[in-house]
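The listed protein sequences derive, respectively, from chains Y and E. Taking the numbering used here, the leading residue of the first sequence gets 115, the next gets one more, and so forth. Taking the numbering used here, the leading residue of the second sequence gets 1160, the next gets one more, and so forth.
These aren't lab readings, by the way, just hints derived from the structure by calculation. The beta-carbon is built from N, C-alpha and C at its ideal position, and this holds for glycine as well. Hints should not be assumed to be uniformly reliable.
Said to hold, decoys possible - Non-contacting residues of chain Y with respect to chain E, defined by C-beta distances greater than 10 Å in every case (computed):
1. Pro138
2. Glu139
3. Lys209
Stated by the list, open to error - Dumping the calculated BS3-like pairs for lysine-lysine here, alpha-carbon to alpha-carbon at most 25 Å:
4. Lys146/Y - Lys1505/E
5. Lys209/Y - Lys1505/E
6. Lys1551/E - Lys1430/E
7. Lys1551/E - Lys117/Y
8. Lys1450/E - Lys1580/E
To be verified - Only some residues are given here: those of chain E computed to face chain Y with a beta carbon under 7 Å:
9. Leu1454
10. Ser1528
11. Lys1542
12. Ala1594
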Amino acid sequence: MAKNVISDETIDYVGILAKLELSPEEKEQAKKDMANMLDYIDMLNELDTTGVEPMSHAFPLHNVFREDVVVNGNDRENMLANAPDRKDGCYKVPKTVE
Amino acid sequence: MSLMSLTAVELGKKIKTGEVSVREAAKASLAAIAAREEAVHSFVTVVPEEAVLARAVEVQRLIDEGALTGPLAGVPVAIKDNMCTRGLLTTCSSRILGNFVPPYTAEAVLNLEKAGAVIVGKANMDEFAMGSTTETSWFGVTRNPWNTEHVPGGSSGGSCAAVAAEECSYALGSDTGGSIRQPSSFCGVTGIKPTYGTVSRYGLIAYGSSLDQIGPIAKDVTDCAAILEAIASHDAKDSTSVKREDYDFTAALVDDVKGMKIGIPRDYFGKGLDGEVKDAILRAAAVLEEKGAVLEEFDLSLVEYAIPAYYVIASAEASSNLARFDGVKYAYRSEEFEGLHQMYKKTRSEGFGEEVKRRIMLGSFVLSSGYYDAYYLKALRTKALIKQAFDKAFARYDLILGPAAPTTAPRLGESLSDPIKMYLGDIYTISVNLAGLPGISVPCGTDSKGLPIGMQLIGDCFQEKKLFRAAYAYEQTRAYEHCPLAKKGVSEDE
């Protein structure tokens, strides 16, 4: 039995953040999987990280700047070729504002 | 003897001298694919023969004109299906990108094309590179050419299987937590994950951006050095790309490890390591010692914490990177939905497989308000400690030596039911990505079931040359073992 317990509210909230729709069975499985994973991840609490700076990259990275100049050509047709739906040279999506 | 049993550099030499034409090489690769795909299934997409042969003619002309002189000109290659190839289906082995034809080519692949590569296909992988067995592919599993009842490893399982099955001369893979080194070990081939930033990630479909790195997979160390020399570049289109001082990796192919200090972490040889794998790795270490390397055991520390830290960081980055797959701009969109939000949700729920969804949800959770500090920042602090542990080790040693994986390839169908157990299989490779280090897996024998074992060498940042030198010196003591399937030969190209 997992120590972490994922509530229905939490898994629904995660579904909203992740933009995923889960069936009731999938939801139960996801609650179990996430609880098990969090139990495992809680192992990190054994480590004293007081005063340790979070490291997002393995070596220091600096901002990389360039002039704001267009170097690629107009690739609209190629880009749109992958669109599931299109209209008048644009991506077509369901109505966004009621 | 098939042309595909040669190394990439050997075949390149024969092409250069005119002994073999680019067309003959390409035909040998396609014939091997036709003969072995049914058993192995390394590829999501095989490039149609007309297109391969047209490219072969073009490359031959450039060689004949003297415009292409590199060691890989005209040699057939497989590209992992998470690297964009203009005009050629690129799926990430996912339903959601099932019909995606990229409008541009990844920088690393472009570099290979400039070196005269002939692409024969796009290699199968775990969906979005999430997995260790190549069983999570939407397009079906890849089988290990050494024993088709076993997995090839993953996530670059298709790339490694294609090289081992001699369907192509070499391949590109990508490595986020061991995805080049572990399948290389399972398939008996050589694969290197370079220092983070060495190869441009432009056009590599992102999984964990701070960890992802493209690298070569081939039959031997010489090939890997030549391939890395071709693909490594500083690229303004990847803001994490590093301008290195050295790109002449083949200069390190020297049979000399005298005085090289090699650390053997005791924590890599404890519980969970298969006895036969352990013996093979220690035998390989003894070979290097005999050649003059100085071996010493030490405690690396923190090894078991790398996996939980990795899954927090990689999942967090994945949840963000995979937000772009929303049914608007490319590929799959759900058939039925009501309104925009349901379109997003249904598209993603139908388009992604189980393991991908699991990681996206975990990533969304650890980044969510209230949990960010406890999970995400904690993992980044752990990463800093892991990096410090490696820094300490590399103050004393030139290289670290250990296994690439705790076992040889598991049987098909044994791994996916227990995700955490599967994640534990990455224990020796994962911390290398967290610390941005280079690591190579070199074949060092087989177990009693006849399955290959890989030795991993880890170097400090930008020390690929030390890796190549030690790996090359070790390799001089043993011949490349062709897998049984490849030994059978292909009637069409005899």
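For each hint, the structure was consulted:
The beta carbon of Pro138/Y sits about 13 Å from the closest Cβ of chain E, which is more than 10 Å, so the claim that it is off the interface holds. Non-interface call for Glu139/Y relative to chain E: holds, since the shortest CB-CB distance, roughly 12 Å, exceeds 10 Å. A Cβ of chain E approaches the Cβ of Lys209/Y within 10 Å, the least distance being about 7 Å, so the stated non-interface status is violated. About 22 Å separates the Cα atoms of Lys146/Y and Lys1505/E, which keeps this hinted pair within 25 Å; it holds.
Annotation: proposed proximity of Lys209/Y to Lys1505/E holds, straight-line Cα distance about 16 Å (limit 25 Å). Distance check on the hinted pair: Lys1551/E and Lys1430/E sit about 24 Å apart at the alpha-carbon level, within 25 Å; holds. This hinted pair does not check out: Lys1551/E and Lys117/Y have alpha carbons roughly 35 Å apart, beyond 25 Å. Of the supplied pair hints, the one linking Lys1450/E and Lys1580/E is violated, its CA atoms being roughly 37 Å apart against a limit of 25 Å.
The restraint placing Leu1454/E at the interface with chain Y is violated, with a minimum CB-CB distance near 27 Å, outside the 7 Å limit. A hinted interface residue such as Ser1528/E counts as satisfied when its beta carbon comes closer than 7 Å to some beta carbon of chain Y; here the least separation is about 10 Å, so the hint is violated. For Lys1542/E, the suggested interface contact is upheld, since its CB lies about 5 Å from the closest CB of chain Y, less than 7 Å. Contact between Ala1594/E and chain Y, as hinted, is supported at the beta carbon level, the nearest pair being about 5 Å apart and thus within 7 Å.
Checked against the numbered hints given earlier, the structure breaks hints 3, 7, 8, 9 and 10 and satisfies all the rest.
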